[in-house]
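Taken in order, these protein sequences are the chains called A and B. The first sequence begins at 18 in the numbering used here and counts up one residue at a time. The second sequence begins at 2 in the numbering used here and counts up one residue at a time.
What the hints contain is simulated information worked out from the structure, not anything from laboratory work. This structure is a prediction, so every number in the text was calculated from the model and none was measured. Glycine included, C-beta positions come from ideal geometry on N, C-alpha and C. Don't take each hint at face value.
To be verified - DSSO-like mimics (lysine-lysine), calculated; alpha carbons at most 30 angstroms apart, straight line:
(1) 379(B) - 403(B)
(2) 80(B) - 77(A)
(3) 77(A) - 70(B)
(4) 422(B) - 77(A)
(5) 77(A) - 52(B)
(6) 80(B) - 408(B)
(7) 77(A) - 288(B)
To be verified - Cβ pair distances, simulated, as ranges:
(8) 48(B) - 152(A): 58 to 66 angstroms
(9) 409(B) - 63(A): 30 to 38 angstroms
(10) 57(A) - 72(B): 40 to 48 angstroms
(11) 152(A) - 87(B): 50 to 58 angstroms
(12) 315(A) - 282(B): 32 to 40 angstroms
(13) 278(A) - 165(B): 29 to 37 angstroms
(14) 60(B) - 77(A): 16 to 24 angstroms
(15) 87(B) - 278(A): 44 to 52 angstroms
(16) 134(B) - 278(A): 47 to 55 angstroms
(17) 141(A) - 72(B): 42 to 50 angstroms
(18) 278(A) - 217(B): 49 to 57 angstroms
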Amino acid sequence: MTTTTPVRPSAPPAARRRRPGASRRQAAPWGFLAPAIVLFVLFLALPIAYAVYLSFRTEKVSGLGLGSGARTEVWNGFANYAASLADPEFLASVGRVALYGVIVVPTMLGLALLFALLLDSRRSRATKFSRISIFLPYAVPAVISSLLWGFLYLPGVSPFYYVFDRLGWDVPSLFSSDLVIFAVANIAVWGGVGFNMVVIYTSLRAIPSELYEAAELDGCNQIGMAWRIKIPIVVPSIIMTFVFSMIATLQVFAEPTTLKPLSNTISSTWTPLMKVYRDAFIRGDLYSAAATSVIIAVATFVLSFGFLRLVQSRAFGQEK
Amino acid sequence: MRLSTGTKAAAIIASAALLMTACSSGGGSDAPAADGPVELTFWTWAPNVDKVVETWNAANPDIHVTVNKQDGGDPAITKLLTAVKAGSGAPDIMQTEYQKIPTLVSADALADISGEVADLADQFPEGVWNDVTLGSDAVYAVPQDSGPMQFYYRADIFEQLGLTVPTTWDEYAATAAALQAADPTKYLGTFSATDAGWFTGLSQQAGASWWGIDGDSWTVAVDDEATLKVADYWGGLVESGVIDNKPMYTPEWNAALNNGTQIGWLSAIWAPGVLEGNAPDTAGLWKMAPMPQWDAAKPATGNWGGSATAVTSQSKHPAEAAQFIEWLNASQEGVDLLVEQTGIYPANIPASAEALSEPPTFFANQPDFYEIAAQTAKTAGSFTYGPNVNVTYSAYNDEFGKATEAKSQAAFTAAVEAMQKVTLEDLKSSGFNVKE
Numbered sequence: 018m019t020t021t022t023p024v025r026p027s028a029p030p031a032a033r034r035r036r037p038g039a040s041r042r043q044a045a046p047w048g049f050l051a052p053a054i055v056l057f058v059l060f061l062a063l064p065i066a067y068a069v070y071l072s073f074r075t076e077k078v079s080g081l082g083l084g085s086g087a088r089t090e091v092w093n094g095f096a097n098y099a100a101s102l103a104d105p106e107f108l109a110s111v112g113r114v115a116l117y118g119v120i121v122v123p124t125m126l127g128l129a130l131l132f133a134l135l136l137d138s139r140r141s142r143a144t145k146f147s148r149i150s151i152f153l154p155y156a157v158p159a160v161i162s163s164l165l166w167g168f169l170y171l172p173g174v175s176p177f178y179y180v181f182d183r184l185g186w187d188v189p190s191l192f193s194s195d196l197v198i199f200a201v202a203n204i205a206v207w208g209g210v211g212f213n214m215v216v217i218y219t220s221l222r223a224i225p226s227e228l229y230e231a232a233e234l235d236g237c238n239q240i241g242m243a244w245r246i247k248i249p250i251v252v253p254s255i256i257m258t259f260v261f262s263m264i265a266t267l268q269v270f271a272e273p274t275t276l277k278p279l280s281n282t283i284s285s286t287w288t289p290l291m292k293v294y295r296d297a298f299i300r301g302d303l304y305s306a307a308a309t310s311v312i313i314a315v316a317t318f319v320l321s322f323g324f325l326r327l328v329q330s331r332a333f334g335q336e337k
Numbered sequence: 002m003r004l005s006t007g008t009k010a011a012a013i014i015a016s017a018a019l020l021m022t023a024c025s026s027g028g029g030s031d032a033p034a035a036d037g038p039v040e041l042t043f044w045t046w047a048p049n050v051d052k053v054v055e056t057w058n059a060a061n062p063d064i065h066v067t068v069n070k071q072d073g074g075d076p077a078i079t080k081l082l083t084a085v086k087a088g089s090g091a092p093d094i095m096q097t098e099y100q101k102i103p104t105l106v107s108a109d110a111l112a113d114i115s116g117e118v119a120d121l122a123d124q125f126p127e128g129v130w131n132d133v134t135l136g137s138d139a140v141y142a143v144p145q146d147s148g149p150m151q152f153y154y155r156a157d158i159f160e161q162l163g164l165t166v167p168t169t170w171d172e173y174a175a176t177a178a179a180l181q182a183a184d185p186t187k188y189l190g191t192f193s194a195t196d197a198g199w200f201t202g203l204s205q206q207a208g209a210s211w212w213g214i215d216g217d218s219w220t221v222a223v224d225d226e227a228t229l230k231v232a233d234y235w236g237g238l239v240e241s242g243v244i245d246n247k248p249m250y251t252p253e254w255n256a257a258l259n260n261g262t263q264i265g266w267l268s269a270i271w272a273p274g275v276l277e278g279n280a281p282d283t284a285g286l287w288k289m290a291p292m293p294q295w296d297a298a299k300p301a302t303g304n305w306g307g308s309a310t311a312v313t314s315q316s317k318h319p320a321e322a323a324q325f326i327e328w329l330n331a332s333q334e335g336v337d338l339l340v341e342q343t344g345i346y347p348a349n350i351p352a353s354a355e356a357l358s359e360p361p362t363f364f365a366n367q368p369d370f371y372e373i374a375a376q377t378a379k380t381a382g383s384f385t386y387g388p389n390v391n392v393t394y395s396a397y398n399d400e401f402g403k404a405t406e407a408k409s410q411a412a413f414t415a416a417v418e419a420m421q422k423v424t425l426e427d428l429k430s431s432g433f434n435v436k437e
């Protein structure tokens with residue numbers, strides 16, 4: 018999202034001359050910025066710098082490694098990065114998340130756009146109620162929704178499987194190795210559609226009604242209006258939601274972690290962030306975990322900005 | 002409400018300051034006041050321990066213990082290790098599961114209290130004492146409870162279907178098959194890929210001890226003959242489908258225990274509490290028997306769970322903390338209170354006879370419950386844990402997850418071999434001396 022600042026005409030020379038009180042005036046903005054800068058440095062920049070520092074370190078044990086002084090922290094160069102990138106479990110988790118993204122993002126955004134268009138269409142009834150009920154799942158924390166869905170996925174306790182069983186259908190368990198990715202994706206879609214719908218719906222509401230009047234005069238129907246007017250105008254919102262969804266996909270953690278104890282098919286390195294968690298808190302290796310985190314952060318950064326650059330001209334062309 | 006930027010900034014700074022003070026004031030023991038009582042903090046997750054501690058505090062005005070309730074074994078250990086790394090914030094006294102002790106000692110999180118407590122070695126089963134000393138002269142914790150394994154079964158369904166209680170693993174397999182033949186919806190048990198401690202107990206029963214200390218080096222024997230035998234046996238049962246392959250501790254498993262689909266559970270002495278919570282409709286229908294045996298002439302069992310109480314390396318009052326621990330886990334009063342309030346199975350031998358006179362309420366139908374328990378507890382073999390148990394256990398989850406899903410006997414033994422490889426490689430890459 019670039020906003021190009023117009024070139025300011027050069028200030029008249031008089032303004033450049035220092036006047037008494039100028040230094041105070043220059044200090045004022047810094048004073049206002051200070052809280053934000055302090056918080057940013059303390060709680061974001063420093064931890065990131067520390068994580069990067071840790072990612073180049075490791076802990077070496079000597080002998081049996083029992084008692085005090087058995088562990089020393091040493092410099093490890095890029096070895097943690099090399100180990101992460103060469104780890105077949107990490108590569109498998111990246112592949113899994115890519116597939117997960119291919120399933121989740123189009124489904125979620127497609128549904129969000131569809132619901133937004135339906136709510137915006139003039140013939141819709143009970144829009145307020147529908148809007149809230151579609152949005153509501155977003156308000157449910159991921160851990161809670163995963164527990165709820167986990168219950169529904171387990172054949173022994175699920176009402177769905179009870180009905181399938183009564184109908185004589187043999188429906189495979191959603192926790193089987195082929196289907197588990199859809200089980201996880203479903204939770205993300207269920208939770209994410211509402212938020213994305215609201216973003217798209219808001220920009221639909223901002224479309225001036227003259228456009229619709231003009232289109233009606235030209236004999237355009239509702240579907241035509243959606244296709245030719247609404248969707249092209251909300252493209253920037255769709256792109257924004259796409260970037261958010263992509264970032265959320267790369268960071269998927271809560272859903273599979275919550276479902277893990279219910280199934281045999283979700284391993285402790287099912288997604289990249291789960292590997293980070295396992296390395297840091299189960300294996301006690303903060304250093305590898307830091308290296309993998311940096312890799313994930315860089316990948317997220319490159320993917321989001323790369324994508325934005327790619328679509329910039331089309332999406333935000335009108336802003337220029 | 003509209004706030005000026007200045008007010009907002011002030012609010013943010015104030016809340017940040019609050020946050021920082023909140024972080025820095027947690028945990029840790031304060032320096033002793035000139036003549037006030039010694040203040041000790043105690044991290045534990047056992048229910049109602051605060052009530053046990055109340056008795057201590059009333060009787061010992063000089064040593065005041067404050068209980069800080071934890072979520073459970075794993076999160077508490079993670080917090081402790083973080084505090085040790087940070088250099089402050091650890092409690093004085095810490096409850097820890099036996100398998101975590103080498104990890105904690107390796108991280109220099111526990112104090113050696115051999116000089117602070119009396120010689121307690123003969124008051125505890127040998128295997129459990131070995132867990133808190135790591136086979137050395139040091140004492141890193143005092144055992145609190147132990148988890149000898151037994152076989153829990155639905156006596157009513159066994160009777161109804163004419164099944165006999167298996168005493169050997171061959172009989173267990175035959176009973177599982179007979180049950181499936183009589184009623185295909187019912188299972189005698191499940192192989193849980195999410196409970197590494199359970200599989201460790203089964204392997205311990207067969208004679209395994211996955212780690213060992215040889216001179217100045219660790220040895221790793223996850224893929225020893227005993228463990229491979231256990232994996233092969235369960236792989237066969239799962240492959241033939243007579244045993245379920247779903248994890249334990251899921252809503253589905255709870256429902257199955259409650260509605261009589263799972264009619265047996267190879268579990269430990271704390272099982273009555275779990276069954277009472279997860280299968281409340283089945284009160285009075287369960288019974289407990291010793292584990293099925295590999296060799297009926299040499300009865301054995303394993304341990305699943307159990308914990309000890311330790312003094313952390315950050316405590317400024319190790320002597321007072323050790324005094325409290327000794328009272329809690331090795332005195333008649335402490336053990337009585339623990340049994341009464343928290344429902345644990347005490348590891349302390351002299352005190353347990355008096356403390357365990359009544360069977361648990363959920364097993365009121367089995368008056369000799371604790372007699373059988375005491376007999377089986379004596380047969381638990383010794384098992385040495387290593388400094389990277391978590392690595393091995395997480396490898397168990399991943400490898401056996403695949404194997405149980407595939408329902409393949411060959412995959413079960415391959416999973417054990419993969420666990421061995423992961424464990425060994427982790428020790429070596431961390432720099433431990435390892436003898437192969």
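Outcome of the hint check:
no. : hint                                : result
1   : 379(B) - 403(B)                     : violated (35 angstroms)
2   : 80(B) - 77(A)                       : holds (21 angstroms)
3   : 77(A) - 70(B)                       : violated (33 angstroms)
4   : 422(B) - 77(A)                      : holds (20 angstroms)
5   : 77(A) - 52(B)                       : violated (43 angstroms)
6   : 80(B) - 408(B)                      : violated (37 angstroms)
7   : 77(A) - 288(B)                      : violated (50 angstroms)
8   : 48(B) - 152(A): 58 to 66 angstroms  : violated (39 angstroms)
9   : 409(B) - 63(A): 30 to 38 angstroms  : violated (50 angstroms)
10  : 57(A) - 72(B): 40 to 48 angstroms   : violated (32 angstroms)
11  : 152(A) - 87(B): 50 to 58 angstroms  : violated (41 angstroms)
12  : 315(A) - 282(B): 32 to 40 angstroms : violated (54 angstroms)
13  : 278(A) - 165(B): 29 to 37 angstroms : holds (34 angstroms)
14  : 60(B) - 77(A): 16 to 24 angstroms   : violated (47 angstroms)
15  : 87(B) - 278(A): 44 to 52 angstroms  : violated (29 angstroms)
16  : 134(B) - 278(A): 47 to 55 angstroms : violated (33 angstroms)
17  : 141(A) - 72(B): 42 to 50 angstroms  : holds (46 angstroms)
18  : 278(A) - 217(B): 49 to 57 angstroms : violated (38 angstroms)
In terms of the numbered hints stated before, the structure departs from hints 1, 3, 5, 6, 7, 8, 9, 10, 11, 12, 14, 15, 16 and 18, listed from lowest to highest.
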